[in-house]
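2 protein chains.
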Amino acid sequence: MHVYRYEENPLITPEDVPPYHEGFEVIGTFNAGVTKFRDEIILLLRVAERPVSHDENIVQAPVFNPDTGLVEIYEFRKDDPRYDFSDPRVIQNASTGQFAYLTSLSYLRIARSKDGRHFTVEDKPFVYPSNKLEVFGIEDPRITLIDDTYYIYFSAVSPNGVGEAMVSTKDFQQVTHHGMIFAPENKDVLIFPEKINGKYYALHRPVPKSNGAPEIWIAESDNLLYWGNHQFLLGLREDKWDSGRIGGGAVPIKTDRGWLELYHGASKDNRYCMGAVLLDLHDPTKVIARSEQPILEPEADYETNGFFGNVVFSCGAIVEGDMVKMYYGVADTSMACAELRLSEILNSLTYY
Amino acid sequence: MHVYRYEENPLITPEDVPPYHEGFEVIGTFNAGVTKFRDEIILLLRVAERPVSHDENIVQAPVFNPDTGLVEIYEFRKDDPRYDFSDPRVIQNASTGQFAYLTSLSYLRIARSKDGRHFTVEDKPFVYPSNKLEVFGIEDPRITLIDDTYYIYFSAVSPNGVGEAMVSTKDFQQVTHHGMIFAPENKDVLIFPEKINGKYYALHRPVPKSNGAPEIWIAESDNLLYWGNHQFLLGLREDKWDSGRIGGGAVPIKTDRGWLELYHGASKDNRYCMGAVLLDLHDPTKVIARSEQPILEPEADYETNGFFGNVVFSCGAIVEGDMVKMYYGVADTSMACAELRLSEILNSLTYY
Numbered sequence: 001m002h003v004y005r006y007e008e009n010p011l012i013t014p015e016d017v018p019p020y021h022e023g024f025e026v027i028g029t030f031n032a033g034v035t036k037f038r039d040e041i042i043l044l045l046r047v048a049e050r051p052v053s054h055d056e057n058i059v060q061a062p063v064f065n066p067d068t069g070l071v072e073i074y075e076f077r078k079d080d081p082r083y084d085f086s087d088p089r090v091i092q093n094a095s096t097g098q099f100a101y102l103t104s105l106s107y108l109r110i111a112r113s114k115d116g117r118h119f120t121v122e123d124k125p126f127v128y129p130s131n132k133l134e135v136f137g138i139e140d141p142r143i144t145l146i147d148d149t150y151y152i153y154f155s156a157v158s159p160n161g162v163g164e165a166m167v168s169t170k171d172f173q174q175v176t177h178h179g180m181i182f183a184p185e186n187k188d189v190l191i192f193p194e195k196i197n198g199k200y201y202a203l204h205r206p207v208p209k210s211n212g213a214p215e216i217w218i219a220e221s222d223n224l225l226y227w228g229n230h231q232f233l234l235g236l237r238e239d240k241w242d243s244g245r246i247g248g249g250a251v252p253i254k255t256d257r258g259w260l261e262l263y264h265g266a267s268k269d270n271r272y273c274m275g276a277v278l279l280d281l282h283d284p285t286k287v288i289a290r291s292e293q294p295i296l297e298p299e300a301d302y303e304t305n306g307f308f309g310n311v312v313f314s315c316g317a318i319v320e321g322d323m324v325k326m327y328y329g330v331a332d333t334s335m336a337c338a339e340l341r342l343s344e345i346l347n348s349l350t351y352y
Numbered sequence: 001m002h003v004y005r006y007e008e009n010p011l012i013t014p015e016d017v018p019p020y021h022e023g024f025e026v027i028g029t030f031n032a033g034v035t036k037f038r039d040e041i042i043l044l045l046r047v048a049e050r051p052v053s054h055d056e057n058i059v060q061a062p063v064f065n066p067d068t069g070l071v072e073i074y075e076f077r078k079d080d081p082r083y084d085f086s087d088p089r090v091i092q093n094a095s096t097g098q099f100a101y102l103t104s105l106s107y108l109r110i111a112r113s114k115d116g117r118h119f120t121v122e123d124k125p126f127v128y129p130s131n132k133l134e135v136f137g138i139e140d141p142r143i144t145l146i147d148d149t150y151y152i153y154f155s156a157v158s159p160n161g162v163g164e165a166m167v168s169t170k171d172f173q174q175v176t177h178h179g180m181i182f183a184p185e186n187k188d189v190l191i192f193p194e195k196i197n198g199k200y201y202a203l204h205r206p207v208p209k210s211n212g213a214p215e216i217w218i219a220e221s222d223n224l225l226y227w228g229n230h231q232f233l234l235g236l237r238e239d240k241w242d243s244g245r246i247g248g249g250a251v252p253i254k255t256d257r258g259w260l261e262l263y264h265g266a267s268k269d270n271r272y273c274m275g276a277v278l279l280d281l282h283d284p285t286k287v288i289a290r291s292e293q294p295i296l297e298p299e300a301d302y303e304t305n306g307f308f309g310n311v312v313f314s315c316g317a318i319v320e321g322d323m324v325k326m327y328y329g330v331a332d333t334s335m336a337c338a339e340l341r342l343s344e345i346l347n348s349l350t351y352y
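Chains as they are written, first to last, in the working numbering: chain A, 1 to 352; chain B, 1 to 352.
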């Protein structure tokens with residue numbers, strides 16, 4: 001696989017983006033949704049901010065208060081035996097293994113570019129937590145353009161779990177909220193850009209507790225707001241790069257040979273790669289072909305090192321002819337882009 | 001609370017029902033969906049069958065094969081360290097704590113009665129596992145009558161998780177399948193019997209893994225098949241009878257004071273009781289009132305002892321004037337019924 005990483009990588013880093021919250025620092029500008037709007041490429045960045053540390057023995061958790069619209073900061077001593085602080089992203093409940101708080105608050109911010117390499121980041125959030133299902137933040141947006149409307153959907157995180165919420169816009173200025181479209185635990189939703197046999201389809205990634213694994217499902221809808229006929233689509237593979245967890249990545253790409261989904265897979269030790277799966281053009285519940293090897297793995301320094309290293313994680317790509325410009329978050333820290341050939345990806349798959 | 005348990009309780013026991021599978025025994029006839037059809041009360045029983053044991057050192061797991069339509073039996077030695085056999089209902093993966101197999105296979109069978117106390121159980125299954133999302137069985141049905149159609153929905157259990165599937169019937173003979181309406185992990189769905197402000201509503205009970213608890217959510221729909229606008233509705237209460245897990249029970253009952261939901265709550269040590277919550281008549285996402293104490297707790301011998309004791313678990317009730325005939329599964333074994341006064345339940349609630 002020929003992968004051309006931009007010389008400008010990483011394209012956007014936390015240092016490029018001033019914090020929105022006073023007394024906070026930006027620790028991540030990553031996992032951006034991607035689309036074209038007028039003559040620009042838009043990256044809808046996930047911006048993660050955390051309170052600046054004032055005591056190394058204290059871990060702080062920012063929490064949005066939907067009644068006041070303000071962010072409150074909870075503090076935890078690192079020697080508090082009720083919690084486990086070993087994962088820098090979360091404060092875990094030591095007895096249940098579930099997370100109790102996040103160490104940063106994420107929201108969505110627009111970056112614009114004419115050449116796809118140099119971006120200008122807007123000063124203010126474009127989508128910000130707005131209700132009690134988003135008090136721990138909103139994360140990992142994807143953007144599907146249908147007719148003249150951009151549907152933007154993202155993980156909504158709260159003490160009640162992680163689900164997927166949706167908003168829409170026509171102009172990247174006015175936003176309409178549509179509530180939570182997939183209940184917890186679910187993320188990595190990807191809405192197909194057109195109806196197939198009269199129905200909308202979406203990939204989604206539930207994380208069940210009692211049994212089952214973080215794997216990819218598909219659902220259908222007639223209005224993009226209400227979803228049903230859930231079917232299991234794609235599972236983990238033991239002893240492969242995608243043995244730990246998988247989830248959809250970029251918005252499905254329509255090709256002659258089927259719907260191409262660029263998805264992420266992580267090994268059991270949390271190394272995140274990108275791979276591809278091909279779904280039937282007329283029935284996307286059917287898997288036609290799949291990557292044996294990743295199409296992109298964390299190799300560059302900015303991919304292996306960062307807040308949470310060894311992660312490449314795409315939430316969207318721009319396709320121009322045979323060229324796939326895959327934008328992707330690196331190390332839960334920054335944004336990068338790599339170009340791949342669509343034909344080469346399709347030819348690399350193992351067909352069933 | 002005045003609770004009148006029928007003298008005939010338990011109304012239906014495993015001894016009353018011959019097994020459908022050769023070489024199997026019926027171990028549960030419980031958690032039945034309830035409705036009136038013509039001049040009869042119908043209990044749609046969850047019937048649990050397991051292979052008759054031939055070796056006390058072996059635990060058997062029945063699994064439906066959707067390709068052959070037959071049930072296959074997997075065998076596990078009780079000294080296999082990869083598994084934990086301490087819960088009689090499941091074979092747990094010792095390392096993950098998730099279940100790997102169930103020890104019985106459940107399906108749905110009709111019982112009919114003219115007086116609500118004496119039931120005749122049909123010879124054959126009415127709804128039986130039919131696809132790969134149901135290979136471990138189907139469980140805990142509820143029935144909502146809307147216009148002339150009975151919507152029957154139930155837990156569908158497979159290695160991919162536990163979700164909620166739906167079928168419908170007009171005559172309790174012909175069945176139409178509608179697929180999975182809530183993706184894993186979810187169960188205890190309750191569809192309201194009429195539209196409210198132009199939308200259908202359903203309670204559901206996701207079980208998220210990374211954070212959150214088994215609590216009650218509400219969703220809306222315009223066609224009963226596709227669901228969205230998920231909202232968190234009702235949570236656990238520390239140090240109360242419903243501190244461990246809660247889920248909807250009977251189909252919501254329309255009253256002058258609001259929608260009355262009879263729900264189950266379990267303590268952290270798995271004692272299952274029934275309580276009640278009242279939702280706004282015109283906006284069921286609003287909680288008006290809730291039981292401080294259970295309206296029914298496991299006290300009778302048939303409720304405290306059985307395959308999984310200390311469980312009362314209702315999936316439906318018949319309301320006649322001020323009388324609530326609450327049918328309920330007992331000890332994951334049999335069916336029982338108790339009569340309560342609707343007015344007394346409503347007056348017992350704590351209003352917010």
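It is possible that some hints are incorrect.
One copy or two, either will do: identical chains are not told apart, so a pair holds if it fits within one copy or between any two.
[Unchecked claim] With a straight-line Cα cutoff of 27 Å, these simulated BS3-like cross-link-like pairs (lysine-lysine) come out:
hint, residue 1, residue 2
1, 240, 36
2, 114, 124
3, 268, 170
4, 286, 240
5, 195, 286
6, 199, 78
7, 286, 78
8, 124, 195
9, 199, 240
10, 240, 195
11, 286, 254
Since the hints were made in silico from the structure, they are not lab data.
The hints, checked one at a time:
Within a single copy, residue 240 and residue 36 get their C-alpha atoms no closer than 34 Å, and across copies no closer than 53 Å, so neither meets the 27 Å cut-off. With identical chains, the CA atoms of residue 114 and residue 124 are at most 27 Å apart within one copy only, with a shortest distance of 20 Å there and 67 Å across copies. Neither within a single protomer nor between protomers do residue 268 and residue 170 lie at most 27 Å apart by alpha-carbon distance, with minima of 40 Å and 48 Å respectively. Taking identical chains as interchangeable, the C-alpha atoms of residue 286 and residue 240 lie at most 27 Å apart only when both belong to the same chain, with a minimum of 22 Å there against 47 Å between chains.
Proximity of residue 195 and residue 286 under a CA criterion of 27 Å is satisfied intra-copy only: 16 Å inside one chain copy versus 35 Å between copies. In the homo-oligomer, the alpha carbons of residue 199 and residue 78 never lie at most 27 Å apart, since the shortest distance is 50 Å inside one protomer and 48 Å across protomers. In this assembly of identical chains, residue 286 and residue 78 lie within 27 Å of each other by CA distance neither inside one copy nor across copies; the values are 48 Å within and 39 Å between. In the homo-oligomer, the alpha carbons of residue 124 and residue 195 never lie at most 27 Å apart, since the shortest distance is 34 Å inside one protomer and 41 Å across protomers.
For a Cα distance limit of 27 Å, the shortest separation of residue 199 from residue 240 qualifies neither inside one copy, at 33 Å, nor across copies, at 45 Å. In this assembly of identical chains, the alpha carbons of residue 240 and residue 195 never lie at most 27 Å apart, being 33 Å within a copy and 48 Å across copies at closest. Within a single copy, residue 286 and residue 254 get their C-alpha atoms as close as 15 Å, which meets the 27 Å cut-off; across copies the closest is 43 Å, which misses it.
Of the hints listed earlier, those the structure fails to meet are numbers 1, 3, 6, 7, 8, 9, 10, in rising order.
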